[in-house]
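Undergrad: Go by the hints and put chains B and C onto chain A.
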Amino acid sequence: MTTDGKTEVFELVLESVSKSYGARQVLRSVSATVRTGQVLAITGPNGSGKSTLIKAVCRLIRPTHGRILWKLGGKEVPAEAGRKVIGFVSPDLMFYDELTAAENLRFFAQVRGMKIADEDIESALDSLHLGGRGSDVVGSYSSGMKQRLKYAYALQHDPPLLLLDEPTANLDTQGVSLVHDLIEDSKRSKCIVIATNEPEEVGLGDIVIKLGE
Amino acid sequence: MTSSSNWGSESLAVLWKDLLSEFRTRYSLSAVLLFSVTALAVVSFSVSPYALDPEAKAAFLWIVLFFSAMSGLSRSFVREEETRTALALRLSASADAVYMGKLLFNIVLQSAVAAIVVPLFLLLMDTRPANPALLTAATALGTLALASSSTIIAAIVSRANAKGALFAVLAFPLSLPGLSSAIGATAEALRGSMPEAGIGAAGDIRVLIAYSALMIAASLLLFDYVWNS
Amino acid sequence: MAAKWFLGVWMILVILGAFFYAPASLGLGQISRIIFFHIPTAWVTVLAFLMCAIYSLRYLKKRQPGDDMAASVSAELGFLFCIIATVSGSIFAKATWGSYWNWDPRETSIFVLLLIYGAYFALRTSVDEPERRGSLSAVYALLAFVTVPILVFVVPRIPAVQSLHPSESVVSTGGEFTMDGRMLTVLLASLAGFTGVLAWVFSLRMRAARLLGTIPQRKED
Numbered sequence: 001m002t003t004d005g006k007t008e009v010f011e012l013v014l015e016s017v018s019k020s021y022g023a024r025q026v027l028r029s030v031s032a033t034v035r036t037g038q039v040l041a042i043t044g045p046n047g048s049g050k051s052t053l054i055k056a057v058c059r060l061i062r063p064t065h066g067r068i069l070w071k072l073g074g075k076e077v078p079a080e081a082g083r084k085v086i087g088f089v090s091p092d093l094m095f096y097d098e099l100t101a102a103e104n105l106r107f108f109a110q111v112r113g114m115k116i117a118d119e120d121i122e123s124a125l126d127s128l129h130l131g132g133r134g135s136d137v138v139g140s141y142s143s144g145m146k147q148r149l150k151y152a153y154a155l156q157h158d159p160p161l162l163l164l165d166e167p168t169a170n171l172d173t174q175g176v177s178l179v180h181d182l183i184e185d186s187k188r189s190k191c192i193v194i195a196t197n198e199p200e201e202v203g204l205g206d207i208v209i210k211l212g213e
Numbered sequence: 001m002t003s004s005s006n007w008g009s010e011s012l013a014v015l016w017k018d019l020l021s022e023f024r025t026r027y028s029l030s031a032v033l034l035f036s037v038t039a040l041a042v043v044s045f046s047v048s049p050y051a052l053d054p055e056a057k058a059a060f061l062w063i064v065l066f067f068s069a070m071s072g073l074s075r076s077f078v079r080e081e082e083t084r085t086a087l088a089l090r091l092s093a094s095a096d097a098v099y100m101g102k103l104l105f106n107i108v109l110q111s112a113v114a115a116i117v118v119p120l121f122l123l124l125m126d127t128r129p130a131n132p133a134l135l136t137a138a139t140a141l142g143t144l145a146l147a148s149s150s151t152i153i154a155a156i157v158s159r160a161n162a163k164g165a166l167f168a169v170l171a172f173p174l175s176l177p178g179l180s181s182a183i184g185a186t187a188e189a190l191r192g193s194m195p196e197a198g199i200g201a202a203g204d205i206r207v208l209i210a211y212s213a214l215m216i217a218a219s220l221l222l223f224d225y226v227w228n229s
Numbered sequence: 001m002a003a004k005w006f007l008g009v010w011m012i013l014v015i016l017g018a019f020f021y022a023p024a025s026l027g028l029g030q031i032s033r034i035i036f037f038h039i040p041t042a043w044v045t046v047l048a049f050l051m052c053a054i055y056s057l058r059y060l061k062k063r064q065p066g067d068d069m070a071a072s073v074s075a076e077l078g079f080l081f082c083i084i085a086t087v088s089g090s091i092f093a094k095a096t097w098g099s100y101w102n103w104d105p106r107e108t109s110i111f112v113l114l115l116i117y118g119a120y121f122a123l124r125t126s127v128d129e130p131e132r133r134g135s136l137s138a139v140y141a142l143l144a145f146v147t148v149p150i151l152v153f154v155v156p157r158i159p160a161v162q163s164l165h166p167s168e169s170v171v172s173t174g175g176e177f178t179m180d181g182r183m184l185t186v187l188l189a190s191l192a193g194f195t196g197v198l199a200w201v202f203s204l205r206m207r208a209a210r211l212l213g214t215i216p217q218r219k220e221d
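Residue numbers (the numbering used here), protein chains in the order written: chain A, 1 to 213; chain B, 1 to 229; chain C, 1 to 221.
Looking at chain A on its own, in the form it has when it is part of the complex (with noise of 0.2 Å):
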């Protein structure tokens, strides 16, 4: 999001944020807060809640206890608006199989409220190294590709908030590095969370959290 040329700050406050289930409690009382040009890097063993955290961010999930906020420009963003201000990138995240993926980002595209020409859906396929693959249906595509399809859906209207919940699952060395690459250069005008396991991912990280300790 851009006035004047020049990008607001996006915040992200996590305010002693709790989640139960049951008599489970997965998370316990996380706080943290990240800013636009900052990375939070989420780590743990499996299970220890790193995606529930990342949907909790989201607002997928309600937390038991805590808030979350988002601000931009230091107003506050209402949930409604969530769609606009978050990129979202994790293994739960599905196309639709029968349609291309020009036609995926396309519909994506359209139910955001933008007006998208083909030339931009190409050059963001090019970008993530799926050019000329964009008249293929989704269903053809390799895990591999599928997880690059998702940073075109999840940058395609140039969110303030990253969401990257396994940044680099199912990719080639070749992916990796293009993720790595493409997290570096979103950094600057971006707030970015990853959830991972990695430890490359994690040194990116300017906070991180250490969950099921």
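The hints are simulated quantities; they were obtained by calculation from the structure and are not laboratory data. What you are looking at is a predicted structure, and each value in this text was computed from that prediction instead of being measured. Possibly wrong hints are sitting among the right ones.
Unchecked claim - As a list, the in silico DSSO-like pairs of lysine-lysine whose alpha-carbon atoms are at most 27 Å apart:
id, chain 1, residue 1, chain 2, residue 2
1, C, Lys4, A, Lys84
2, C, Lys94, A, Lys71
3, C, Lys4, A, Lys71
4, A, Lys71, A, Lys187
5, A, Lys75, A, Lys146
6, A, Lys210, A, Lys71
TA: The following block gives chains B and C in isolation, referenced to the frame of chain A:
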């Protein structure tokens, strides 16, 4: 790329996507049509049309249409959850647009079914409607009523451990006002010509319109709680 | 505390009144006494339905598990009273009009209410996660609440629909059946009594749920 919040075009995008998916996979339409034609055959086989008065014929017709709706109208939501595409949709679309788009899709689907079932029904029952215009209106509004009450129920069922029967169990009580009025108006259309039939059916037509409007309004207010539950 | 004793005495008086104080209807005989139980239970089932809708709305706004529990308990009680109302109504119908069930509008409404309650519980049992269960059943309860007035008030008004139930208000039931002053007294007393029973059982169930820890801790923010 420019940004605009246009609820209407976003809903149409959802509708178009569902139609495109449906065209490519034929997930819903063929199953529903097969069901409704079978149901129609059963009805036609078991009763002599000449022994039936207009009320009974209207009732049979709407029984077939209702159960066809029960077999078809939950698919669009259930499919999103089954193929796990609901998450991508939830994160990029507004709840209102999703609801309206799915409602429109259900209207299109149910209309397609009615467009095939009603003429077939008239054929099998050897009936010439005394009032074709009223019959068309009754069918169209009845279809709208069915879609209006079922769409949000479909969303509810998709978020539960949906087993097929749950949809009909939840939808039937809420669909009753629409169903009973549709049957009433259809019976008038089969029985008499204007102006008597029109006057007789006027109350039913009014109820159908009011009922559909009410269900859509209530659904719009409540859908968010279902979609984001 | 004392309230439940008062209620108990009240209901005993109502039952005695129904059988001894109020006269039997001239046309129908002793069976007419069922009206002192049928009408109040029908009234209470609608009241419970209203309570369910209100608690459902509160749950959607505030997300307190106690409200979800209250909605569920109201629905249980409403269901129970609905069964009583349906059965007593059916007995009355047989005595007055000759058949147990006729799908007249009022009969249809009470039956639909029965179906709605049944559907509500079917929905609740098919969702595992408590929060989602609360949300989905709350939405259904509100949808049902919005639809029922149409069924009850609009459909019977359509001229073409015949009604076995008299169209006048509760006070006088036309035909061979006129309401004596004493009958009216007992009826109103019964209405009040059954409402009291609903409130009392509701509070008992809620207290039990809280004590058993069925309601999780109140959510603080």
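Undergrad: Does Lys71 of chain A pair with Lys187 of chain A here, judged by a C-alpha cut-off of 27 Å?
TA: 17 Å, holds
Undergrad: Would you check the hint for Lys94 of chain C and Lys71 of chain A, treating anything up to 27 Å between C-alpha atoms as holding?
TA: Violated, at roughly 68 Å.
Undergrad: Given the proposed pairing of Lys4 of chain C with Lys84 of chain A, does the C-alpha separation stay at or below 27 Å?
TA: 56 Å, violated
Undergrad: Take the C-alpha atoms of Lys75 of chain A and Lys146 of chain A, compute the straight-line distance between them, and say whether it is at most 27 Å.
TA: Roughly 35 Å separates the two Cα atoms, so the pair is violated.
Undergrad: Does Lys71 of chain A sit within 27 Å of Lys210 of chain A, going by the straight-line distance between their CA atoms?
TA: Holds - the C-alpha atoms of Lys71 of chain A and Lys210 of chain A are around 24 Å apart, at most 27 Å.
Undergrad: Starting from Lys4 of chain C, check that the Cα of Lys71 of chain A is at most 27 Å away, please.
TA: 54 Å, violated
Violated hints for the displayed structure, listed by number in ascending order: 1, 2, 3, 5.
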